[in-house]
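Here's the letter readout for the chains.
There are 2 protein chains.
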Amino acid sequence: MRRLINDGYNVVEEMLAGYAAANPQYVKLLEHDDRVVVSQQLSEEPRVRIIIGGGSGHEPLFLGYVGKDFADAAVVGNVNTSPSPEPCYNAVKAVDSGKGCLYLYGNYAGDVLNFDMGAELAADDGIRVETVTVKDDLISSENFEDRRGVAGDLFVFKVAAAAAAKGYDLDAVKAVAERANENTFSMGVALSSATLPVTGKEIFEMEDGDMEVGMGLHGEPGIRREKLRPADEVVEEIYSYIKEHTDLAVGDEVAVLVNGLGGLPLMDQYICYRKLNELLTTDQIAIHKSLVGNFATSMDMVGMSITLLRVDAELKELLDLPCDTPYYKA
Amino acid sequence: MRRLINDGYNVVEEMLAGYAAANPQYVKLLEHDDRVVVSQQLSEEPRVRIIIGGGSGHEPLFLGYVGKDFADAAVVGNVNTSPSPEPCYNAVKAVDSGKGCLYLYGNYAGDVLNFDMGAELAADDGIRVETVTVKDDLISSENFEDRRGVAGDLFVFKVAAAAAAKGYDLDAVKAVAERANENTFSMGVALSSATLPVTGKEIFEMEDGDMEVGMGLHGEPGIRREKLRPADEVVEEIYSYIKEHTDLAVGDEVAVLVNGLGGLPLMDQYICYRKLNELLTTDQIAIHKSLVGNFATSMDMVGMSITLLRVDAELKELLDLPCDTPYYKA
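Top line first, the protein sequences correspond to chains A and B.
All letters in the first sequence, in the order written, are residues 1 to 330 by UniProt numbering.
All letters in the second sequence, in the order written, are residues 1 to 330 by UniProt numbering.
Take the hints with a grain of salt, since some may be wrong.
Since the list gives no way to pick one copy over another, a pair counts as held whenever it fits inside one copy or between any two copies.
Straight-line distance between alpha carbons at most 25 angstroms, and here's what the computed PhoX-like set of lysine-lysine pairs gives [claimed, not checked]: (1) K316 with K28; (2) K289 with K28; (3) K166 with K329; (4) K68 with K289; (5) K68 with K201; (6) K201 with K99; (7) K201 with K166.
Hints listed in this document are in silico derivations from the structure and should not be mistaken for laboratory results.
Extracted from the complex, chain A is given alone in its bound form (with noise of 0.2 angstroms):
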């Protein structure tokens, strides 16, 4: 194993505690429930509250963005595993301003049954609590609908969090979630597991030389297993992919991530982003900007993927909107 943790059973707890003492300006534990984070600076005037969540392993994601004019707070599940109902529930009485409260997290079925109790527990509050689960992860389907979430989370969550931080209403927070939602197209490969804390070992077997085409951010089967082959092929055929499976055409926007999945060299990602930059600009698809490094992570796994989030001026605008997180600042 090459981790360095104390007991595996304990690493969110000890994640945890130590991020809250890291980052005391921008969060805090609560204090009868030390699973949900909270923002330091949540403002002060009522608006719609943005909280996302899930399992943890996935670091900065989604702890490391709750903050100013971003997420109010976080849910945090074990490893690859969704939060329980309670912490779901939690936070949203911890955040609730009146204007009702937007859960954004990935599409998996743990999450989604979780994020649902929570809200009926504040629905029986009084408090109107509305979703959007994210559904970038291309190969994982071919219905939008049963889609799960990888590094678009962080697109479809700065989306809806602008949106909130301008005064939108619940439903139109909501719906501009969903708009970014559908217009987030992701999709990845791994070159390795990753390694779990509490066995210390891989989550499943990896020959070195060899890269799983689709891989999901728990390890989820893509579409095929082969030798390893240079960055730009890789590159050419996960665009190539995101063409053949979305309308992105000719004289479209996108806003870019190439993602490290936790192992891969910033590195390798900008000779990855390289390539792709000169693919998105032969065929005249403009980029409005690019983010490249960890933002959304499977623990030590090598490996990387590209989101395009295809904007208009809407987007755009709340991409843009400055917000002030440890892990995101614009």
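Based on these hints, arrange chain B on the given structure of chain A.
Quick look at chain B alone, frame taken from chain A:
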């Protein structure tokens, strides 16, 4: 090999092309020398210019810290190799505004040689260039003058850049940067080697489950190799070493950097931070601010370092002065 690259000999050029394309609002490559990354946000008023640099493979160090009110240029060498004298000189020519320039880089023989030649070439043009070599890696020598620079680079660079932004003259910028340098203390551990792009092999062998205490940023030997221990014990040893080899004392105040070397999950870094915070609190050493993340890496090396910068009122003000770069925003 678990790297996503093309030809191993082209990694630096391709990375730089990608970096410039992804961050056009922050940087450009010099037209006649693509190993010089220049800020797009040079101050209009003349001021001391901050030029940082060194070998590649430590991203986001160095190029990631070029931008508004931080470094004005970065000089980029090959992987683990000093830049040659010409780009060091070209960087000066590109950014000098009549107030002179300060070179800042980690204290390695090759870098010293080549940056010094760059400074001599600039002197021939009548441009004054001074130098601060960062020497924070406690384990590398008992003597301050012989120590290498590791993640503490970030703090020393930031202090110097803020002093320049505040209008200090060259002597004053250098003096305060040296004061930061003398008060910056680092030590790290590595759980793996890094993978060299050209060979596709690890720089040295390290068994899974082993750890090297005190390893340098390029894999320089530490004080011993041993079986991996729990994170808390590792942090305790590092912290004890720092206390024993410096005059850090009760009542001091520090800025803290827990730095991931590339392949260590952010989760683990926060688990380490949690323990460090506990130890500092017990010792009544106040924490002014904390950074946790991959700020100075060794490509895919698994490991982390701890850096403490002992601060006073001036250093705190300089550390906190706003700046805006792709990988560091204050």
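How the hints compare with the structure:
no.	hint	in the structure
1	K316 with K28	between (30 angstroms within a copy, 24 angstroms between copies)
2	K289 with K28	between (31 angstroms within a copy, 16 angstroms between copies)
3	K166 with K329	both (17 angstroms within a copy, 23 angstroms between copies)
4	K68 with K289	both (21 angstroms within a copy, 18 angstroms between copies)
5	K68 with K201	neither (37 angstroms within a copy, 43 angstroms between copies)
6	K201 with K99	neither (45 angstroms within a copy, 56 angstroms between copies)
7	K201 with K166	neither (45 angstroms within a copy, 51 angstroms between copies)
Of the numbered hints listed earlier, those contradicted by the structure are 5, 6 and 7.
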